[in-house]
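Peer 1: For chain A, the structure is supplied; the task is to place chain B on it using the hints.
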Amino acid sequence: MIWLLAPVKSVRNHFLLLSTMLPLRFIEKVPDTFRCYRWIILLFVFFSGSYQTASAQCLTRGTGDMGLIIERATGSVQIVDTTAKTSLFRIGELGDLSHASAVFSRDERYAYIFGRDGGLSKIDLLCGRLVKRVVQAGNSIGGAISQDGTLVAVSNYTPGGVKVFAADSLALVADLPAVADDGKPSKVVGLVDAPGQQFVYTLYDAGEIRIADMSDPDKPDVQTFHNIGRLPYDALITPDGRFYIAGLFGEDGLALVDLWKPQGGAQRILDHYGNGREKLPVYKMPHLEGWAIAGHYAFLPAVGQHEVLVVDSQTWKEVGRIAVHGQPVFVVARPDGRQVWVNFAHPLNDTVQVIDTQSLKVIHSMRPGKGVLHMEFTPRGENVWLSVRDADQVQVYDTENFERVAQLQAEKPSGIFFTARAHRTGL
Amino acid sequence: MRQSHYKLFVFSMLASMAATAFAAPDAARQAELLYLLKHDCGSCHGMTRQGGLGPPLLPENLQERPTSLMVYTVLEGRPGTPMPPWRGELTEQEANWLVEAMRRGEGL
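Going down the list, the protein sequences come from chains A and B. Mapping of the first sequence onto this note's numbering: position 303 corresponds to residue 303, and the numbering continues sequentially without gaps. In this note's numbering, each residue carries its 1-based index in the second sequence increased by 1000.
Treat the hints loosely; a few may be bogus.
Below, a sample of chain A positions facing chain B; criterion: calculated Cβ distance under 7 Å [as the list claims (entries may be wrong)]:
hint, residue
1, ASP96
2, LYS132
3, THR150
4, PHE249
5, HIS346
What the hints contain is simulated information worked out from the structure, not anything from laboratory work. The beta-carbon is built from N, C-alpha and C at its ideal position, and this holds for glycine as well.
Chain A on its own, in the form it takes in the complex (with noise of 0.2 Å):
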C-alpha cells in the first residue's frame, strides 16, 4: 500500500487503474484489504494522475494560438489561448503596466512587455514564468523587436532615447540618445522594426524621425530627418515595411518618409486636415501602431475630432472622412482588410464601432462597457478581443456577426497581444 501512496508516473497509473479493475478471483491471495479499498485506491490513482498533468511545470503545446492580456493596475499579465479562449497562466510583479506594450519572439514562446517604468520583461508563454526582467530607463514607453529577432529596442521619455537589447540575455548592446542639434534631450515615441535590420522612431520634443540601422550592433548608424512637423506623438509603418508616418499633435498633418527611399526626406502628408476647425480637447492621445491599411486605404484617427481619415496609400492624398461616435484612439483593420474597428477617447470610451471599408460607411456600434481601451484581433479575424477596463473584462466578439461568444475576467485589462504579431514588421 505503500508504494501507492508514493508519487507514480502516468504509465504505473495506467497499469494500476487497469489492475484495480481486474476481477479478483483471478488473483491469488489477494490481501484483504485490497478488496475492501480497491475502489478508493482507484480513484487515488486516478486523481493523482490527473493532479500531476494539471500541475506540469510547462505545458507541451504550438504558441500560435497564444497572447497575452495586460493587468494594468495590477502589473500583471494573463496568458491566453485564442483558440479555447481561456487563460492559462498568470504572472505578476511586472512593475507599472500603464500603458505597456508586448512584441513577440520569432519562434513565439516568449514575450518581451514594456513597462511605463522602463522595465523590460522577457515572459516564457508555455511556462508561464517571468524568465528576466531589467530596469532600463526611468520612463518608457514603446519597443520593437529587430527584423532577424536577435534585438529588442526599447523607447524611453526619461531619459530620452532608444536602448537596444540582445533578446536572448536581454544584456543591453546598444545606447542610442535622443538629443537635438540644440542638446535638449527628446521624449521618443513610434519605435517600430523596419527591413533591414533597422529601428525607426520619433523625437517628441524635437520634431525628428531618425532610422538606426543596427545591421551591426556595435556600430549602430543613425540618420536623422529634421523639422517633420511639432509634437509628433506617434508613428506607424505599413505592413511591407516602407512608409513610416508619424502622427502630429501640434499641426494638422502626418509627416512619412518612404523607407525605399529615405534621401526623399520627411514629407508632409493631409496638411491642414482639420481646415483650421478647432480642435477639442484631446483626453486620450490617438495610437498608430495598431496600423489600419485596407486595400489601397489607409484609416486613420483624426486628432481632435470625431472623425476617421481614409487616405489613399498610392498618393497619400485624402479620399474621405467618416464621422465617427468620438475621438478616435485605436483604428484597426480586421487582418483581412474588410473591417475596420474604431475605440474612442474618454469619456466616449464605452463604443466601439465597426467601419466596412468598401462602403467607407460605419456598420456597426456597440457598447461593450466603460473604458474599451484595446482591441486584438486573432490571426485570421474571425474574432475580435476588446479589454473593458472599467468592467474588468476581456470579450471576444464573432467579427461577422458582431455575437459576443465568450468573456474572460481581467483586472483593469489594456493592451491584447497575440503571437501572431511576431510575423509582422511593425508589431
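Peer 2: Chain B in isolation, oriented as in the chain A frame:
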C-alpha cells in the same frame, strides 16, 4: 470699533478660505475623482504619477507650484501641449480637491 471690523473681515476671509479648502466632494465622488486621476490622467502622467508624455505629479514635484495655478491648468488645460481642459467634467471645487489629493500623494 474699527479694530473689531478689521477682525471680522480677517475672520470672514479665513472662514471663506477654509470653506473653499475644506468643501470636499462627497466620498463617492472622491472615489470617482481618484479613479479618473489614476486611469485617465494616468494615460499621460502614468498610473503611478511618475510622468509620461505629461510631467510627473508626485508630491515632491508639486511642492513649489501654487495650488491656484494647478487648478487653473486642470480646468483650462495648457494650450500648445496635449493637456486638455477638464472644465465640463470637473468643477473648480473638484479640481481643487484633486490637486490637494495629488499633493498628499493620495491613492499612490
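Peer 1: Work down the list of hints and note, for each, if the structure agrees.
Peer 2: The hints, checked one at a time:
1. Evaluation of the A/ASP96 hint against chain B yields a held restraint, the C-beta minimum of about 5 Å falling below 7 Å.
2. A least Cβ separation of about 22 Å between A/LYS132 and chain B goes past the 7 Å threshold, and the interface hint is therefore violated.
3. At about 29 Å, the closest approach between the beta carbon of A/THR150 and any beta carbon in chain B exceeds 7 Å, and the interface hint on this residue is violated.
4. Given hint, A/PHE249 at the interface with chain B, holds; its Cβ is 6 Å from that chain's nearest Cβ, closer than 7 Å.
5. With its C-beta approaching chain B no nearer than about 5 Å, A/HIS346 sits inside the 7 Å limit, and its interface hint holds.
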